[in-house]
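Heads up: the protein sequence lines correspond to chains A and B, in order. In this text, residue positions in the first sequence follow numbering that gives the first Met the number 0: the first is 0, and each later residue adds one. In this text, residue positions in the second sequence follow numbering that gives the first Met the number 0: the first is 0, and each later residue adds one.
Since the hints were made in silico from the structure, they are not lab data. Treat the hints with care, since some could be wrong.
Covered stretches of chain A, going by a simulated chain B footprint (3 or more residues, C-beta under 8 Å) [as the list claims (entries may be wrong)]: (1) 119-127; (2) 139-151; (3) 158-169.
Straight-line Cα separation of at most 30 Å, BS3-like style, residue types lysine-lysine; simulated pairs [unchecked claim]: (4) 57(B) with 122(B); (5) 2(A) with 192(A); (6) 232(A) with 192(A); (7) 192(A) with 326(A); (8) 213(B) with 203(B); (9) 112(B) with 122(B); (10) 261(A) with 232(A); (11) 232(A) with 344(A); (12) 44(B) with 192(A); (13) 122(B) with 192(A); (14) 57(B) with 17(A); (15) 213(B) with 344(A); (16) 193(B) with 203(B); (17) 213(B) with 57(B); (18) 192(A) with 112(B).
For clarity, every value in this text was computed on a predicted model and none was experimentally measured. All C-beta atoms in this analysis are idealised placements derived from N, C-alpha and C, irrespective of residue type, glycine included.
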Amino acid sequence: MIKQQEVTPDILFSSEEKQDMFITGSEAVKEAVKRANVDIAISYPITPQSESMHLVGDLYAQGYIDEYLRGENELAVMSEVAGASMGGVRVFTATGGPGTLRAFEMFSTWSGARLPIVCAFLTRGLNSPLTIQPDNLEMAHVLDTGMLMLHAENAQDLYDMLLRAFIVAEMPDVHIPIGVFADGFFVTHTRDKIQVDSEDIKLPKYNPYNSPVPAIDMENVPVRLMRDPFVMKSNFISYAAHASWQQEVLAAVERSRRYLNKYLGGLTEVTHEGAEIMVLASGTAVSQSREAIEQARNEGIDAGLIKLKCLRPFPVEEINNALKTAKAVVIPEFNRVGWLFREVKAALQKEIHVIGAPRVFGGMTMPVELILDEIRRCHNV
Amino acid sequence: MRNVTNIRMSGLGGQGVVTAAHILGSAATTQGFESTVNPFFGAEKRLAPAESYVRISKERIYERGEILSPNIIMIFHPHVITLGKCYTMPFFEGLQENGIILINSDEVIELKKADKEQLMQLKAAVYYVSATEIASEVGGTELSTNMAMLGALLGITSLVDDESFEQALTERFSGGKFVASATTAALDDAVKGKYARVTQLIEKNIEVVKAASKSVREHKLS
């Protein structure tokens, strides 16, 4: 173990002393957690996430993490990290695909209990039919759990987003869980050049006194909410308390915007601003879109890109601004249901041609040509 | 299309297509190129279809996932062709014009007439190498088949230089930095068990690479 010095988030995030690595997304998770001053990590294996938490286990063996254990299943793991977080320590875990669904009850429990848990979701297809291959359908399910959601395009994003996730999640006026999503295999198993920070620095320790709710206190929220739920009592004040608590969680999601803007450099990233046809995507669909846009521009088509880095809170204003002069928007997705298409449709403030295609799912690679075809079609309309 | 060399490696689980891709991609980045590497497989089990993809370019590469339009296809086992153990049918689906196909086989595999015609139309160059035989005879283990395949590739193209290649090979096997999945780690141990020292493993594998690069032969389609 290398001796690490705690530095402020601002120093770590602006550090210019970088090291080049040629590593997979799973290894990028390890590199982030190594510098995140995590107290407890709890794991349960599922492809394509297993390697990440295995590597986090190595960090424990080397002394970078105080406690590491393997849970009984995903629901147990997510319950155990909830317990640890309520106890006032910084926790990390990861899952993906069917594991995400198995653990599902806990995600809204975390946000309702205001636990700043950081969970990496390394996505894969859902049953049935069974697949271990990439697909981000599970994200559709997580959208309304009250968690913050970031979506990494590549290993570099995954590294950067994980480190920043701890700091955003732990802000006293936010203090809710955050899911950092990355497409399985396309990120986790893909080896790419990335830059990481010096090994001898790490984030400051989590300060449990930053929590807006007291750690494990039977008479106060969040535990009071669970042992003696307001809504079990049939009176106005109980219903009002229950409803306002849910709204407080949503408000916390909204309050995260300023920190996400600061640490991620914005919720979106726009390339070729003001283009006639915009491609809007998140995750690795962004990478495929970059290639398609370059080819379209070589053909003389005015195409641009809106990359969404964050899905909760949803960048409504940013999207509407980026589409101000566009005549069409193409939304390629790695899932069957088109959850991003639905989100964008609901957020649009003006009439514009929205194409929810291509949709590639069940583990297939998204051919650049399919995105290019949609761009060409919009251009010819 | 941008100037990217796309290499698709198709083989069977346990033959080292993932490791071969890793070493080639590392060598390319060592030499200053941009490269991305990713594998594709089902449950990790021996003899099941396994593929890996290497992209090499002078510019930043964004596209990821399966390589649908390869310039080079490396077939690690005849069953990829004869039993269809790959993710595309036929095995050369998507091959670019003037592409290269490198097959590990002791004898020429008789292709279907339609496939042969299509390959001739694409002006594909087909090469054969007895990679498994060379691995056994020179390296002392079939587990070096992947190294022989890389050697043969270096014998027909100059994708990466010898120095970067040897550095990548050394980094992959000299331990410390690399962490493999459980099954890959077990295979690593099996390979290392064949040699007294890791340095010997690297020397032997470099011999395999050199022998294969000399023994690769072009097969003219007709």
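Here is how each hint holds up against the structure:
no.	hint	result
1	119-127	violated (count 0)
2	139-151	violated (count 0)
3	158-169	violated (count 0)
4	57(B) with 122(B)	holds (25 Å)
5	2(A) with 192(A)	holds (25 Å)
6	232(A) with 192(A)	violated (57 Å)
7	192(A) with 326(A)	violated (36 Å)
8	213(B) with 203(B)	holds (16 Å)
9	112(B) with 122(B)	holds (15 Å)
10	261(A) with 232(A)	violated (42 Å)
11	232(A) with 344(A)	violated (39 Å)
12	44(B) with 192(A)	holds (29 Å)
13	122(B) with 192(A)	violated (34 Å)
14	57(B) with 17(A)	holds (22 Å)
15	213(B) with 344(A)	violated (60 Å)
16	193(B) with 203(B)	holds (11 Å)
17	213(B) with 57(B)	holds (28 Å)
18	192(A) with 112(B)	violated (43 Å)
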